[in-house]
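Take the given structure of chain P and dock chains F, L and C with the ligands to it, following the hints.
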Amino acid sequence: MSTNAVTEEITYIRAVNEGLRWALREYPKALILGEDVALPNGPFGATRGLHGEFGDRVIDTPITESAFVGAAIGAAMRGYRPIVEIMFMDFTQVAMDQLVNQLPNIHYVSNGGFRVPLTIRTQQGRTPGSCAQHSQSLEAVFAHVPGIRVGLPANPQDAYDMLRSAIASDDPALIIESRALYASRGPVELERPLAPIGRAQLRRPGEDVTIVSWSRMVGEAEAAAQRLEAEGISAAVIDLRWVSPVDHDTIAASLERTGRLVIAHEANRTAGFGAELAAWATEERFWDLDGPVARVGAPDIRMPAAATLQEALLPSAESIAETVRATLNAAPA
Amino acid sequence: MSTNAVTEEITYIRAVNEGLRWALREYPKALILGEDVALPNGPFGATRGLHGEFGDRVIDTPITESAFVGAAIGAAMRGYRPIVEIMFMDFTQVAMDQLVNQLPNIHYVSNGGFRVPLTIRTQQGRTPGSCAQHSQSLEAVFAHVPGIRVGLPANPQDAYDMLRSAIASDDPALIIESRALYASRGPVELERPLAPIGRAQLRRPGEDVTIVSWSRMVGEAEAAAQRLEAEGISAAVIDLRWVSPVDHDTIAASLERTGRLVIAHEANRTAGFGAELAAWATEERFWDLDGPVARVGAPDIRMPAAATLQEALLPSAESIAETVRATLNAAPA
Amino acid sequence: MDAPSLPETYRAILTIRRFEERLLSLHQEGLIQGSMHLCNGQEAIPVGACRELRADDALTATYRGHGWAIARGLPLPDLFAELMGRASPLCGGRGGSAYLCGAPYGFLGENSIVGAGVPIAAGAALAARRDGAGAVSLVSIGDGALNQGAVGEALNFAAALALPLVVVVENNIYSEMTPIKEMVAIDPLAQRAAGFGIPSVTVDGNDTAVVQAAVAEAVARARSGGGPTLVEAMTERLVGHYTGDAQQYRPAGEVEAAKTREPLTRLRAAAGQELGAELAVVDEEVEATIESAVQEAMGYPRPDPAGAALGVYVD
Amino acid sequence: MDAPSLPETYRAILTIRRFEERLLSLHQEGLIQGSMHLCNGQEAIPVGACRELRADDALTATYRGHGWAIARGLPLPDLFAELMGRASPLCGGRGGSAYLCGAPYGFLGENSIVGAGVPIAAGAALAARRDGAGAVSLVSIGDGALNQGAVGEALNFAAALALPLVVVVENNIYSEMTPIKEMVAIDPLAQRAAGFGIPSVTVDGNDTAVVQAAVAEAVARARSGGGPTLVEAMTERLVGHYTGDAQQYRPAGEVEAAKTREPLTRLRAAAGQELGAELAVVDEEVEATIESAVQEAMGYPRPDPAGAALGVYVD
Ligand SMILES: Cc1ncc(C[n+]2csc(CCOP(=O)(O)OP(=O)(O)O)c2C)c(N)n1
Ligand SMILES: Cc1ncc(C[n+]2csc(CCOP(=O)(O)OP(=O)(O)O)c2C)c(N)n1
Ligand SMILES: [Mg+2]
Ligand SMILES: [Mg+2]
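Chains as they are written, first to last, in my numbering: chain P, 1 to 333; chain F, 1001 to 1333; chain L, 2001 to 2315; chain C, 3001 to 3315.
By construction, these hints were calculated from the structure, which means they are not laboratory data.
Possibly wrong hints are sitting among the right ones.
[Unchecked claim] Here are the computed lysine to any residue pairs in the SDA-like style, where the Cα-Cα straight-line distance is at most 20 Å:
#, chain 1, residue 1, chain 2, residue 2
1, P, Lys29, C, Gly3132
2, L, Lys2181, C, Gly3226
3, F, Lys1029, L, Arg2130
4, L, Lys2259, L, Ala2246
5, C, Lys3259, C, Ile3173
6, C, Lys3181, F, Leu1039
7, P, Lys29, P, Asp288
8, C, Lys3181, C, Gln3247
9, L, Lys2181, C, Gly3197
10, F, Lys1029, L, Gly2132
11, P, Lys29, P, Gly79
12, C, Lys3181, L, Pro2199
13, P, Lys29, P, Thr11
14, L, Lys2181, C, Ala3194
15, F, Lys1029, F, Phe1054
So that you can see chain P by itself, here it is in the shape it has in the complex (with noise of 0.2 Å):
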């Protein structure tokens, strides 16, 4: 069957689900658990069909993130390679006790003694008229749990491959999909080889300065630098994809091209994971830095429901170029 044969033009949040159904044909001990998982097929379409395919494999749970993700772990630690939905990012919250006191420290405390090959699925940001305890961006808190991989896919083809990877993966892995991105359409190539976890990918090259973002902020990104270069500043766009572990590889060789970096995302700036990034850069490459780094994010707000006020303060295509030319032009005062 030739490459080209199987490749599908199709949604994101659909790419999710074939991701799902790959996982329970390819491991008999996969389980997905979640709230509305089964029979009505997943609150956003993610498990569609599944639970018709393969029966009690898929479970619906009472709503008590803690109890499943909870379950799952010890589902895991006893055989089984669990897949859990966490419906929001922000319900994460109730159950932050198992993610962060309990999941990550099993394999490390038990010596070997246990492995949790655990996947949690959940999706984040904000879409008009979400409100503040529906809108979080919280990748920075997870990327500082060591003992999980965290990863943002930006794209079909991503949601497809990363969400393999961490499943395939013995370690516990958190996927942090974009709700705003769920009906997004891409080519989507499903017999590909598993792509190992913490690739991030170069997607445009660059010479004047390098972008690195994640999750929905990438076409932002992309966009920016298309704006860019009508204005003749060639901007190189990564994927950075995982947060954890993080390819600084791919960010050192565009970086010492471009001697200028820009992060974006959609999360709050203070202590967002474009800090990490950019004390990375200071601390390992200040030597190829032609001036400041300069992060994109949201100005440490709530978010507020209101789709005006939510525009007002969300990074985009706009702030992003507008940063970068201040970037270009920074000089010592």
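Positioned in the frame of chain P, the structure of chains F, L and C with the ligands alone reads:
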């Protein structure tokens, strides 16, 4: 009364106790809630004597952090000024929904309709033998949550002063104490005006490098500076005190002189709060930097119980000094 | 209190119903963005319960809270404006459908985290008890919410401290798209309360008077220092879990059957010919009220984007 | 199974007691660092319960879990070594007193977050049910833990899915330093279970046979698909909540009275003259076992600091 007359040499935990006593006297609507805080005088003695003096304003709660943090929020919305003890930082994780999705949203989302003058006290860090679930340093997580002030006192005077400032504030605040410092003594002036929230303290001026630290690591940083002095290296030491808001001015003033920045904390390195400070430096003070910024932190681990293992992982005066030396020697490859 | 007349009750319920229906059309017109959780069919619960509340009582609801807000007396124009993302006096557009509140009305707000309002409401009850004026705190949650850890913790907290808390469980037989009966091993749900030492009752939630009577007893217990009560009110959603829910998970005929049992149908039947004409007048008046509220709401300005980042802190 | 003889039971309990006491002396000698939560007085519960477990069952405990580990068959030298921060085959010194585990023994481990083990144990029960071999998952928690949100969630989860879970509540009448009776509005605690549709029983936790019988019934129910059970075992701590707890909160005479009811005292009384001599032999044998275990433990090397950061990930 002269200032000296009210300065006492007391322990850090006793200073906390005095701060709480002050609050209960000062604010008729102040309440204390937590596990074992009333009749048993607090698991670490922070509330010693307060139930005796203030009766049912000091409330023993069931072991249900979501319930009593939530209840404190509700009481605050109805005019009280609760002070909550969460026994270990690690236990915040069972109450994260109240701490992240509820508490910091209320003033903003209600458009100022409600205020939540709630102070949470907890303590963190490793002590010999403390297990992986009783050793985490998680200040970076809360620094990434706009709407809560976050402070980490490093000595008895600050344990007293910062707690009072937090309680007096009409914003939610989290005071993260250091269990390892509870028994340490220092002079505490009890009759001081309230200090503004968010001021760092230059503990020691220096010409060659600026070390920024907080909580237990301030002592290590000062010890490192002493060692370095013997080697002819003049290190400034700043106790950051608050990670939200950050006193950038104090850091900037020192950085302007030294041109070199080292940040030291006990938390895991990656996405720790050191990242934020390093990012700020490279973003806002790039032209002041004479070389790479460096971070000292735990190497992205879970905390083992065995003290021999713990010690191999924790930053210390020596590892800070070593990082300073490496930083000063850093040169383009 | 005098028992409210049938047309009065009808008006209260119809106002909520028409509010929700109008939201849907505003949503379709693009004047409201994002999903909403409507309470069509469940209105008798907030209407009955809020009749027992005093101005100094605290009320906390869920994302399915428009009915509670209206029953509590939040102005319709303000509510419409808030949901349209306008600078309403409630939250200035910051709350939206699922997370609005109204401080001047003792409305601590909706909550869009399942179950999270109960600990907060327990805190309001603690405040009420300390204030000593006999105020209570009432919180509504769904059937599914009862399983959340925070709810169990708060029930125990309120029971242990004997707080003046009334928990109203609106059992609409579904938690999102999953039948609650498959998610618990108890029936009725009110049985959960006994495990915390809390008295409880299961009542017909489609009858305002029945709800009111149950809440009256709970409130009386709370005001007199008797501690918390759980009231389970049985009801059915006539619409999807949220706007956009196609309800494929509901068995054929279920919604139709529910429509024969819902509060407005019942009140119309009970009204008979005698009061029928009066209800027709109410229909028109409510229609007019709703429309004028929408118009008034449209008059509120959009919130100033320049202020979007302000107010995260008091200081 | 034949009922174990009195001296056998005595040996099992005494082994745990002497283990805990020896820990205390090792702590005083500076050979163990950090605080520990000892189970002196509560030993009959793990001894009785673990007699009903098969090798393929899962066991989960709390920080007060040394007795459970021993009753489950984890080797004493390994346990001593783990607590001394040595490279034990259990966790290599990474677990310590409050958070050790033993994968080869089906011991999912202690947990130092109150209540957090119950969801995990429910997952082990889910695995057991799917495996279809009739294995069960048993988890012990304290009285105070029963109020934690995660515990309530897990009880409901296990009930709704009819999982083979046995929850043993060791009611030692204190949660740390606060009497449990002040923190709940129910008595007995087992009443909590009914609110989740879970059968429960309250038994004398100081009598191994009584505990074993209650757990036998629960395990039988679980193995046969009958779902979860909660067993509340009444007991008393003879020592502080943790090493270093001066127990000023305990009323005068309470500990002394407890000593007249604790398992070893009872067994010695029941033994009478007949078996008394046999018990004296057991005393000596246990003493020797403990000492040789300590010696063996001292032979384990300290963990290599160079490996401290390794093993956070499998890959
Ligand atoms: C902690 C948490 N988990 C999941 C959700 C998603 N969610 C929103 S409403 C809902 C169903 C709640 O059901 P129920 O409590 O019965 O209330 P109803 O919607 O029927 O009024 C769910 C699962 C959430 N908002 N919060
Ligand atoms: C979530 C959480 N909150 C608080 C603590 C601190 N703590 C440790 S043991 C304990 C008491 C638990 O009491 P109980 O469940 O009765 O068990 P016991 O200690 O009596 O065996 C507390 C509050 C903790 N470890 N975890
Ligand atoms: Mg419902
Ligand atoms: Mg106890």
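Structure-based check of all given hints:
{"no.": "1", "hint": "P:Lys29 to C:Gly3132", "result": "holds, 13 Å"}
{"no.": "2", "hint": "L:Lys2181 to C:Gly3226", "result": "holds, 18 Å"}
{"no.": "3", "hint": "F:Lys1029 to L:Arg2130", "result": "holds, 10 Å"}
{"no.": "4", "hint": "L:Lys2259 to L:Ala2246", "result": "holds, 17 Å"}
{"no.": "5", "hint": "C:Lys3259 to C:Ile3173", "result": "holds, 15 Å"}
{"no.": "6", "hint": "C:Lys3181 to F:Leu1039", "result": "holds, 14 Å"}
{"no.": "7", "hint": "P:Lys29 to P:Asp288", "result": "violated, 48 Å"}
{"no.": "8", "hint": "C:Lys3181 to C:Gln3247", "result": "holds, 17 Å"}
{"no.": "9", "hint": "L:Lys2181 to C:Gly3197", "result": "holds, 12 Å"}
{"no.": "10", "hint": "F:Lys1029 to L:Gly2132", "result": "holds, 13 Å"}
{"no.": "11", "hint": "P:Lys29 to P:Gly79", "result": "holds, 7 Å"}
{"no.": "12", "hint": "C:Lys3181 to L:Pro2199", "result": "holds, 18 Å"}
{"no.": "13", "hint": "P:Lys29 to P:Thr11", "result": "violated, 27 Å"}
{"no.": "14", "hint": "L:Lys2181 to C:Ala3194", "result": "holds, 16 Å"}
{"no.": "15", "hint": "F:Lys1029 to F:Phe1054", "result": "holds, 12 Å"}
Checked against the numbered hints given earlier, this structure breaks hints 7, 13; the rest are met.
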